[in-house]
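S.K.: Heads up: the protein sequence lines correspond to chains D and E, in order. Residue numbers for the first sequence follow our numbering, beginning at 1 and rising by one. Residue numbers for the second sequence follow our numbering, beginning at 1 and rising by one.
It is worth saying that the hints were derived from the structure and are not from the lab. Certain hints may be false.
[Claimed, not checked] In silico negatives: residues of chain D with every beta carbon more than 12 Å from chain E:
| hint | residue |
| --- | --- |
| 1 | F125 |
| 2 | Y144 |
| 3 | H174 |
| 4 | T210 |
| 5 | K291 |
[Stated by the list, open to error] Straight-line C-alpha distance at most 27 Å; calculated DSSO-like pairs for lysine-lysine:
| hint | chain 1 | residue 1 | chain 2 | residue 2 |
| --- | --- | --- | --- | --- |
| 6 | E | K348 | E | K322 |
| 7 | E | K106 | E | K264 |
| 8 | E | K312 | E | K322 |
| 9 | E | K264 | D | K117 |
| 10 | D | K117 | E | K241 |
| 11 | D | K117 | E | K228 |
All C-beta atoms in this analysis are idealised placements derived from N, C-alpha and C, irrespective of residue type, glycine included.
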Amino acid sequence: MSALEAVILTIITASTPLLLAAIGELVTERSGVLNLGVEGMMIMGAVSGFAAAYTTHSALLGVGAGLLAGVGMSLLFAFLTQTLMTSQVATGLSLTLLGLGLSGMIGEGFTGLPGIKLEALNIPFLSDIPFIGPVIFGHDILVYGSLFIVAGVAYVLFCTRLGLIITAVGGNHHSAHALGYKVLRVRYGCIAFGGACSGLAGAYLSLAYTPQWIENMSSGRGWIALALVVFSTWLPKRLLVGAYLFGTVWIMGLYVQALGVDIPSQLLSSLPYLVTIVALIIISGNKTLTKVNTPACIGQPFAPER
Amino acid sequence: MKKLLGTVALSLAMTFAAGAATAAEKLKIGFIYVGPVGDHGWSYQHDQGRQAIEKELGDKVETVFVEKVAEGPDAERAITRLARQGAGLIFTTSFGYMDPTLKVAKRFPKVKFEHATGYKRSKNVATYNGRFYEGRYIIGQIAAKMSKSGVAGYIASFPIPEVVMGINSFILGAQTINPDFKLKVIWVNSWFDPGKEADAAKVLIGQGADIITQHTDSTAPLQIAADKGAMGFGQASDMIKFAPKAQLTSIVDDWAPYYVRRTKEVLAGTWKASDAWEGLAQGTVYMAPYTNMPADVSAMAMKTEAAITSGKLHPFTGPLYKQDGSMALAAGKVIDDGALAGMNWYVKGIDGKLPN
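The shape of chain E in the complex, shown without the other chains (with noise of 0.2 Å):
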C-alpha cells in the first residue's frame, strides 16, 4: 500500500513538473553566422541583435548561435541541427544559405526562417536586409571629397547584386562631387579573410587610392589604411577603435529592432514571412560619428544622410547610365526594388568588368 501511494505521489508530482515546464517553454532562437562574432563586422552586428533580444525578452525565449558556418552543405547541416534541437525562430545571417534555408524550411514547416539578404522566401521563410547602399552613397561622397588623388580603392567580396549595388552607390555619390572620380575594385571572393583582405588594401594603396572601403567584414582593410596613411570607411560597425586616425565614418547594421519586432511577432503568433528591406529611415542602417574630416564634409555628409532618410533623396535616381552607355533609369525616375534586388550591371565610370 505505501508503495503504492508512493508510485501514485511520484507519478502526480512528475505530470506536474512536466506541465510546468511545457507552460514555462522558452521559444528558441537559433542563429547562423557566416564569420565568427569575433569579426567586429557583419557577424558581431548580428551578434549584437541576438543579444538585444536577450535582453528584452529574456525571459520567454532562449537563443543560441553557431558561427563560422561555410556557406554549403555545412550550411543545411547546422540549420537541420538547430530546427531537430527543437528552435523555433532561425536566423541564417548570410546571402549564401538563401537555398539550404529554403531546404531546410520545407522539412520543418512549423519553424520560421529569416534569411538576411536573400530573395526567396517560402511560407515559412522571410527574407530582411538593410539598405546599405544608402550609406553607401554618402562614404562616396565624403570619399571624393577627401581624396587627393581622386581613386579609391574598393576591396569586394562576391559579385552577387548585393555588393554590386554598394559599389555603383558609392560612385554614384562620387560623383556628385568629382564626376572623374576613379575606383579601383579587387574581389578576394570571401566575405572573412583577413590576409587576403590586407594584400589587396596594400596593393590598392600602391596603385594610389587613397580612400579604402570594403564590402568584407574584417577590421584588416581598414588597419592597413591606417599604417600607410591612407583613409577609410568601417564596415558594418564601427570600427573607430582599430584606426582611430583614419576611419572616416562607418556604416552600421543595426539589427536589434527587427530582431526584437520579429520575435515577438513569433511569441504572439502573428509571425507572417515578409520581405523587409530597412534602411536609414528605420534605423536598420545608421552611421557612425563622422571623424577625422573638415566641419564642411561632415555637414555635408550630415546632410545627405537627413535628405536620403526623409526620402527626399534616393541614391538611385535618373538619368542613371550603365557602363555600356545604355540608359537604366529615365530622368527623375527612381529605382525600384526588384532592379535593385537583382543588379548585376556597372554604372557608367567604373572602369573594369564586372566579373560573372
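Next comes chain D alone, as it looks inside the complex (with noise of 0.2 Å):
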C-alpha cells in the first residue's frame, strides 16, 4: 500500500463522521430547529452501537442500535422543543450534556473491552485493483452510506417537493402553515434525520474509527459538525467540501509531523479549524446566495397564530 493510498484511506475515515453528523444537523436546521444536541446524540449512538455490537457480535446490529438511539435521543428534543415548545438553544445544549452523562453510565461495563470491527466492504474484483481498488472500493458501508446521504438529502431539498416544504416550513413557518403544511410533523422528521445521522455518526466513531468505547469518544466532534453545517451555508456540496477539507488538513497535520518537519504540533492541531473556516467563508462569499439558502426561522418556537 503506497503512503499516497494510506494516507487517502486515512482521511476518508476521519471526515465521515464529521459528514454523517453534519448532514443531519444540515437537514434539522433547514426545517428551522437549532438543535445543538449533536454531540450528545453522537455519543449515544456510539456507546448504544459499540453495546449492541458487543452484545451480538454483529457490528452491523450495532450500527442499526446506533441510528436508533440518534433517533431517540432527537425525538426527545422535538418533543421538548416542538410541543412543549422550550427554548431550542437550551434544550439542545441539555441533550448534549444528558447524551454525554448517559454515555457515560451505559458505557461503564463496555469501557476497555475490544471491540468488533465493522469490516470493509470486499467487492471482489473491484478491490483488488490496485490503488482505485482500495481507495475506491474498500470501505465500509457508512462511508459510502455518508455520500449516498448527501447526495440523497441535495436531491430531495432541491429537487422533490418534500424539499421545498422543508425549505418552506424553515423559511416561514407561518406562511407554510396557513398554505396547509403540518410545520409539526416536518420538523418531527427532520429532527429524527438528524438525530438517526448523528446515532450513525457514533456509531462510526465506536465501531470502525476505534473499535472500543471509550467515555467522551467523540471529542467534540459534534460541535465540530455544528459549525460545518453554518459554515457551509445550509449547502449539501459545500458541507461536503467543509468535511473533507477539515479531515485533510487533520490528517495532513500529523503527515506533516511524521516526515520531521519543523512545525509546532499544536499549530498543526489547530490548523483544521482554520483552514475549514476561512476557505468556507470564501467559498460563502456570495452574499445572495447565503440569504436565499439560510432558514429564516431557525431557533424560533412554532406557535400556530389562532
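Got two chains here, separate frames each, mind docking them using the hints?
M.R.: Now the structure itself:
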C-alpha cells in the first residue's frame, strides 16, 4: 500500500463521522430547528452501537442500534422543543450534557473491551485493482452511506416537493402553516433524520474508527459538525467540501509531523479549524446565495396563530 | 428524674460511640487519575495499585479515586476537595499535577502527597516514578530485530523529559541491533485521545513504519497496528487481548509494591518525603510475556532484561552523542538521574526536531 493510498484512506475515515453528523443537522436546521445536541446524540450512538455489537457480535446490528439511539435522543429533543415549546438552544445544550453523561453510565461496563470492527465491503474484483481498489471500493458501508445520504439530501432538498416544504417550513413557518403544511410534523421528521445521522456518526466512531468504547470518545466532533453546517450556508455540496477539507488538513498535520518537518504540533492541531473556516467563508462569499439558503425561522418555536 | 437519667445515658453512649469511631477511624487515601480507569493503560495500572492497598490493608484504610481529572486548574480543585474530605494521603498520578499538588500541599501541611513522575518536592510532597526507559531499551532492540522496513513509529504525548528519555532509550536499544534504524515521531499533545492516536498510527504506518510504539494511554495504536499488519508494543499495561497477534510485549507499570509500602509508612508514622525511582530491579516495571516473535529474539530480550535488572547494563551508557553531534556522555560513563530527569535533547540518529 503506497503512502498516498494510506493517506487518502485515513482522510476518508477521519472525515466520515463529521460528514454524517453534519448532513443530519443540515436537514434539521433547514426545517428551522437548531439542535445543539449533536454531540450528545453522537456519543449515545457510539455507546449503543458498541454495546449492541459487543453483545450480538454483529457490527451491522451495532450500526442499527446507534441509529436508533440517535433517533431516540432527537425525538426527546423534538418533544421538548416542538410540543412543549422550550428554548431550542437550552434544550439542545441539555441534550448534549445528557448524552455525554448517560453514555458514560451505560458504557461503564463496556470500557476497555476489545471492539467489533465494521468490516470494509471487500467487493471481490473491484477492491483488488491497485490503488483505485482500496481507495474507492475498499470502504465500509457507512462511508458509502455518508456519500449517498449527502447526495440524497441534496436531491430531496432541491429537486422534490418535500424539499420545498422543508425549506418553506424553515423559511417562514407561519406562511407554511397558512398554506396547509403540517409544520410540526415536518420538523419532527427532520429532527429524527438529524438524530439518525448523528447516531450513525457515533456508531462509526465506536465500530469503525477506533473499535472500542471510551467515555467522551466523540471528542467534540459534534460541535465541529455544527460549525460546518453553518459555515457551509446549509448547502450539502459545500458541507461535503468542508468536512473533507477538515479531515484532510487534520491528517496532513499528523503526516507533516511524521515527516519530521519543524512546525509546532500545536499549530498543526489548530490548522484544520482555521483552514476550514477560512475556506468556507470564501466559498460563501455570494451574499445573495447565502441569504436565500439561510432558514429564516431557525431557532424560533412555532405556535400557530389563532 | 427519668428524663435526666435518660439524657445522661444517651450522652454517655454517644461519647463511647464517638470514641470508638475515632479509634477505628480509617486512613483515607485519595487518588487522582488523569485518564479513565478503563483506559487499560496508565490510569488502569494506578487503580490496580489502589486495589492492592485495599486488599492488603483494607481494614485500616479507605480509598477513594477521581478519574479523568484534566491537568490544570481542575486538578487543583480535585486535589483540594480530597484533602478537605479528610484524606491523609493523596496520590496524584500525572506529571501535569506537579504545581497543583505543591499548592494544595502548602495549604494542608498535615496531608501527605505523592506525585508521580514529577521533580518538585516539599516537606509533605514526595515524588515517585518508574524507570520505564529500561523497558524502552528492550523494546527498541526487539523493534530493530523484528522490523523489516527498518522504520518504527512513535506516538508521543508531550515533550517532557519523561517522554524524551523514553524515545532516546528506544532508539539506543534499536541502534545496538541496527545502527541505521529510523524513528518517526508524532506528538499528539494528549495523554489519552484514542481517535488522534489511531490517526497517528495510520499515518506512521502509511509512511513505512512496521513497528508502532507509544507513550500515550489508549489501546488504539496497537489495534490499528494489528489491523494494518504491523506489530507494536503495549503501554503501561499488558494489552495482549486487544492485539493478540500484534503485541510483541508491553512495558507494565506495577505500582502495588510502592503504594502498599508507603501506606504502611503513613500508618506507622514513618513517612518522609522522598524521591523513589524504581525499575525492573524493584518490580515497579516489568515486561509482559514476549509473544509473536521467534525464539532467538525473545532470548535476546530476556538477556537484556536480566542485564538491566542486575545493574550490569544501563541504557544510557557512554559514548553517547546528542543529535547536534556534541558528546553527552563519555565512553564508559553512566548517566546520572538528574540529567535523565531533565532530558530535553534527542540522541543522534533521530530525524526531526524535538519540540519545546
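S.K.: If a hint holds in the structure, say so; if it does not, say that too.
M.R.: Against the structure, the hints:
Even its closest Cβ contact with chain E, about 22 Å, leaves D:F125 beyond 12 Å, as expected for a residue assigned away from the interface. D:Y144, annotated as away from the interface, keeps every beta carbon of chain E farther than 12 Å; the closest lies near 20 Å. Non-interface status of D:H174 relative to chain E is upheld: no Cβ of that chain comes within 12 Å, the nearest being about 43 Å off. Chain E draws D:T210 into its interface by the beta-carbon criterion, the shortest separation being 5 Å against a cut-off of 12 Å.
With a cut of 12 Å on Cβ distances, D:K291 stays outside the contact zone with chain E, its closest approach being about 36 Å. For the given pair, E:K348 sits about 5 Å from E:K322 by alpha-carbon distance, which is consistent with the 27 Å threshold. Proposed proximity of E:K106 and E:K264 is supported: the alpha carbons are some 23 Å apart, at most 27 Å. Taken as a hint, the E:K312 and E:K322 pair is honoured in the structure, with Cα atoms around 23 Å apart against an allowance of 27 Å.
For the proposed pair E:K264 and D:K117, the alpha carbon gap of about 46 Å is over 27 Å, so the pair is violated. Among the hinted pairs, D:K117 with E:K241 is consistent with the structure: their alpha-carbon atoms are about 15 Å apart, no more than 27 Å. A distance of roughly 13 Å separates the Cα atoms of D:K117 and E:K228; the hinted pair therefore holds under the 27 Å criterion.
The structure fails hints 4, 9 (numbered hints given earlier, in ascending order).
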